[in-house]
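Student: Based on the sequences and whatever the hints tell you, model everything.
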Amino acid sequence: MASDPTSVAVGDDVRAIAKDKEVTLAPVLSANEDDKIGLSADNRDPTEEELHTLRRVPDKIPWNIYTIAFIELCERFSYYGTTAVFTNFIQQKLPEYSSTGASYDIENGQAGALGLGQRTSFALTTFNSFWQYTMPLFGAWIADSYLGRYRTIGAALMIDILGHIILIIAGLPPVIKNPNGSLGALVIGIVLMGVGTGGFKPNVNPLIVEQLDLERMIVRTLPSGERVIVDPAATASRVYHYFYLFINIGALCGQLGMVYCEHYVGFWLSFTLPTILLCFCPLVMLWGRRRYKRVPPQGSVLGRATKLFLLANKGRWSINPAKTYRQLHDGTFWESVKPSRFDAASRPKWMDFNDAWVDEVRRGFNACAVFLWYPLFWLCYNQSTS
Amino acid sequence: MKVGGVPNDVLTNLNPFALIIMIPLLDLFVYPALRKMRLNPTPLKRIAIGYFVAAGAMIWACVIQYYIYKNSECGNYANGIMADGTERDCARVDISMWAQSGSYILIAFSEIMASITSLEYAHSKAPANMRSMVQSVALFMNAISSAIGFALVSLADDPLLVWNYAVVAILAVFGGCMFWLQMRHLDGQEDELNMLPKGEVGEVVAKAKFDDDEKSDVKA
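So the protein sequences, as listed, match chains R and F.
Position 356, counted from 1, in the first sequence is what the working numbering calls 356; the numbers after and before it change by one each time, with no gaps.
To get the working numbering, take the position in the second sequence, counting from 1, and add 1000.
The hints are simulated quantities; they were obtained by calculation from the structure and are not laboratory data.
Bear in mind the structure is a predicted one, so any value in this text is a computation, not a measurement.
Some hints here could point you the wrong way.
What the hints assert, rightly or not - Per label pair, the in silico range of CB-to-CB distance:
1. Ser1096(F) - Gln118(R): 47 to 55 Å
2. Lys1045(F) - Phe280(R): 33 to 41 Å
3. Lys1045(F) - Gly184(R): 30 to 38 Å
4. Asp1089(F) - Lys177(R): 26 to 34 Å
What the hints assert, rightly or not - Restricting the straight-line Cα-Cα distance to at most 25 Å, the calculated cross-link-like pairs of lysine to any residue (SDA-like) are:
5. Lys293(R) - Pro62(R)
6. Lys177(R) - Leu116(R)
7. Lys338(R) - Met1097(F)
8. Lys1198(F) - Arg294(R)
9. Lys1198(F) - Arg216(R)
As the list claims (entries may be wrong) - Here are some, though not all, of the chain F residues that point toward chain R, as calculated from beta-carbon distances under 8 Å:
10. Pro1016
11. Leu1119
12. Ser1124
13. Ala1128
14. Leu1196
All C-beta atoms, glycine included, are put in the ideal place defined by N, C-alpha and C.
Tutor: What follows is the structure in structure tokens.
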């Protein structure tokens, strides 16, 4: 065993080896100390070789992760349920025999309310999806800089619920009779709902994975004796897969259910059920008040990152595009703005972070570049869902 | 998606439905098997696969649409609203559910590859104190996509639907290629990037640095 460098040496073996060689060891050799002298294979960083040879497995998933996934399920139910009936609500006329907009026949009937035509309904639903995905920039900024993710989600849920309540009002039979009033309420509802989603979506995505304990790869030995790398990336990947599953359960139930409500009861119910589901979210959040791990906001990190980016660009631009490209890609773009490159006198006042953070920001900017071509991917997705 | 008079309800809900079935299958059987073979498709490779599978879904839809136009009694106006605006009652083109669902299943798979991975990538690559920001940039790409969709809307109706799907497929292939060309240099750095130490921000760091500088100044 000792001749095989990759073999596992546990505490007892160490003592046995020590005895053979008649070396005295400290009286108690805990698992912890084993780690320090590098003889135990458990719970330590993987070596370069192990990174390439050992199987990677996800860590256990703590169950409070599922409660956050449930919150997301309810939120997506409310979003997809509500928006599934928007087109009919705006575009089609109120059926003559109905005051709620219901058609009472999902196969051949046509549910409707405002009768504003295809052009208006397309413009409004496009505005809605544009707004819903622009507001996250604002919600993320608030969370990262000032409120933290937990509180931002809480505030966003309140605005979201308010928006949904206004949508219910827009869908009430006496309000539908007055299309202008109903349209006004609908637009206010959409705007508030967007602000709510904006504060919710970009923050719930990180919040769920922040509940995981493991932050770095470690080597562990399974009961079978196989050594594996427990990988936080694999764990996060698994969490996001089931998170997406929950999103789609919410979306499926919301879309199917609310279309039936629209046809057989009326739009008011298609807007009320999503609101009720959405009200579960703050309750679960309250339950998790002391149970969810929170990462505190650190002031204007976005401001610092922007200043850092601008400083890195300084002096690299020229009228000659080739020269500009060369200077931007000479490999020192981020290196040159690390705080350690400056002395006390030349370092800008706002540079109150360390070199490691600059590396993180560089990685973050690269990640954003990875997303740049995504609109062309989403185009395919939008084609098949609308 | 407009598919020549076939009831839309079931079909549009096929996308979440396919995801609900496929995600556990992948997680419980496919990924463990891949890991046993020591295959860990990196996030960037999965994203690239996502673009091409999405393009495949559009090509599928394009072929189906071509078939609908060819066989519909209303020709290229299979939805029943003719070029002059008059409505005509066109019989549904007989296409099996299975043939049509292919496109939805491909899109669902491409979402697992590209959309779920974007969540992972945004989380693992953002600075710990800017995770929401990077997620929001990923979400913002949806907004840009709606804007491009708005520009392409003139294609999104009879008689141009075949072209509509073809154009979107071409754009997705182009996007996938550009993405891979620009980003492949990051692919080999995956582990290295994930293991970067956490940076520190705030007055504590500034103070410590200030003290360091004081010392080095004294030495100098």
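Student: Now look at each hint and say whether the structure bears it out.
Tutor: Hints and how they fare:
no.: 1; hint: Ser1096(F) - Gln118(R): 47 to 55 Å; in the structure: 30 Å, violated
no.: 2; hint: Lys1045(F) - Phe280(R): 33 to 41 Å; in the structure: 38 Å, holds
no.: 3; hint: Lys1045(F) - Gly184(R): 30 to 38 Å; in the structure: 49 Å, violated
no.: 4; hint: Asp1089(F) - Lys177(R): 26 to 34 Å; in the structure: 33 Å, holds
no.: 5; hint: Lys293(R) - Pro62(R); in the structure: 12 Å, holds
no.: 6; hint: Lys177(R) - Leu116(R); in the structure: 13 Å, holds
no.: 7; hint: Lys338(R) - Met1097(F); in the structure: 58 Å, violated
no.: 8; hint: Lys1198(F) - Arg294(R); in the structure: 16 Å, holds
no.: 9; hint: Lys1198(F) - Arg216(R); in the structure: 11 Å, holds
no.: 10; hint: Pro1016; in the structure: 4 Å, holds
no.: 11; hint: Leu1119; in the structure: 5 Å, holds
no.: 12; hint: Ser1124; in the structure: 6 Å, holds
no.: 13; hint: Ala1128; in the structure: 7 Å, holds
no.: 14; hint: Leu1196; in the structure: 5 Å, holds
Hint compliance for this structure: hints 1, 3 and 7 are not met, and every other hint is.
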